[in-house]
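For the protein sequence lines, the chains are A and B, in the order given.
Going by the numbering used here, the first residue of the first sequence is number 1, and it counts up by one from there.
Going by the numbering used here, the first residue of the second sequence is number 150, and it counts up by one from there.
No lab work stands behind these hints, which were simulated from the structure alone.
One or more of the hints may lead you astray.
Unchecked claim - Derived DSSO-like pairs (lysine-lysine); straight-line CA-CA distance at most 30 Å:
hint, chain 1, residue 1, chain 2, residue 2
1, B, 179, A, 117
2, B, 191, A, 136
3, A, 4, A, 42
4, A, 42, B, 285
5, A, 94, B, 243
6, B, 268, A, 136
7, B, 212, A, 15
8, B, 285, A, 59
9, B, 191, A, 117
10, B, 179, A, 116
11, B, 179, A, 119
12, A, 136, B, 285
Stated by the list, open to error - Which bits of chain A does chain B cover? Going by a derived footprint, with three or more residues having C-beta under 8 Å, they are:
hint, stretch
13, 13 to 24
14, 35 to 41
To be verified - Residues from chain A that keep clear of chain B, each with C-beta distances beyond 12 Å, as calculated:
hint, residue
15, 81
16, 120
17, 131
All C-beta atoms, glycine included, are put in the ideal place defined by N, C-alpha and C.
There are 2 protein chains.
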Amino acid sequence: MNHKYLDLAFKYAMKAYKSNEVPVGAVIVKDNKIIGWGYNQKEKNNCVLDHAEIIAIKKASKKINNWRLDGCDIYVTLDPCPMCASAIKQARIKNIYSALNNFDDKNSDLVRKLLKKDKTNPEVNIITNIEPLKSKKILNSFFAIKRDK
Amino acid sequence: MNHKYLDLAFKYAMKAYKSNEVPVGAVIVKDNKIIGWGYNQKEKNNCVLDHAEIIAIKKASKKINNWRLDGCDIYVTLDPCPMCASAIKQARIKNIYSALNNFDDKNSDLVRKLLKKDKTNPEVNIITNIEPLKSKKILNSFFAIKRDK
Numbered sequence: 001m002n003h004k005y006l007d008l009a010f011k012y013a014m015k016a017y018k019s020n021e022v023p024v025g026a027v028i029v030k031d032n033k034i035i036g037w038g039y040n041q042k043e044k045n046n047c048v049l050d051h052a053e054i055i056a057i058k059k060a061s062k063k064i065n066n067w068r069l070d071g072c073d074i075y076v077t078l079d080p081c082p083m084c085a086s087a088i089k090q091a092r093i094k095n096i097y098s099a100l101n102n103f104d105d106k107n108s109d110l111v112r113k114l115l116k117k118d119k120t121n122p123e124v125n126i127i128t129n130i131e132p133l134k135s136k137k138i139l140n141s142f143f144a145i146k147r148d149k
Numbered sequence: 150m151n152h153k154y155l156d157l158a159f160k161y162a163m164k165a166y167k168s169n170e171v172p173v174g175a176v177i178v179k180d181n182k183i184i185g186w187g188y189n190q191k192e193k194n195n196c197v198l199d200h201a202e203i204i205a206i207k208k209a210s211k212k213i214n215n216w217r218l219d220g221c222d223i224y225v226t227l228d229p230c231p232m233c234a235s236a237i238k239q240a241r242i243k244n245i246y247s248a249l250n251n252f253d254d255k256n257s258d259l260v261r262k263l264l265k266k267d268k269t270n271p272e273v274n275i276i277t278n279i280e281p282l283k284s285k286k287i288l289n290s291f292f293a294i295k296r297d298k
């Protein structure tokens, strides 16, 4: 865990914020090198798939020309949704470092179960609530503006 | 439920088979029109994201220029994995018609939970094991060849 990558994930989250997207950012690191990054672009691209983590995985796989992101870590500003958690696991990413535990408890519980070892993939470790106040501040500010509109 | 769309999903599964990919196909239908389709291309594209359902969702969202696939059905030759199930739900697809229940019981149970209503998305109905023998035959043949190699 290196805090500078989480800081970078926050920079990407702010790019989402400025583009009027739910502000979430992600950075993928292998051997201390950034191989993928992304921020939420669901509204711009009009596609539910374009979460920060999915975009980062796509970039990382392309970068190393391999769907197996063995030995990689992903830094995220918010715990992944089930779609992203399952993608992270199938990509064999080793660790998730997350700034904030997902507020939706039901999905949070599912995500924990999802990340466990199964028939085809090893377990993904998740270390969460590393920087909850910063992440909450950005998300709350975003949703407050949305509500006011 | 219209069986011709499941037949078409099987045709796409066979395209995956012939390209040496785990043979799974998907078709998305809205108002009796096909708006998306896909087959597994994970190995070719070197990316865990390129499951049949994800490719079909991407196509459908582009086709109707909307991430909300309200009122759509998805026909699949195998129950979705958690990544695809969560994407289907977030895209607000109404029904999943699946030829075969997933053999991995642990994920199958998780997928059922995933498809239930949550804070942001309505429940997705799943009707499965519509044509299990055909789907199993294709999958078993594929994995038998893989084992022999």
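Going through the earlier hints one by one, which of them does the structure break, listed in rising order?
1, 2, 4, 5, 8, 10, 11, 12, 13, 14, 15, 16
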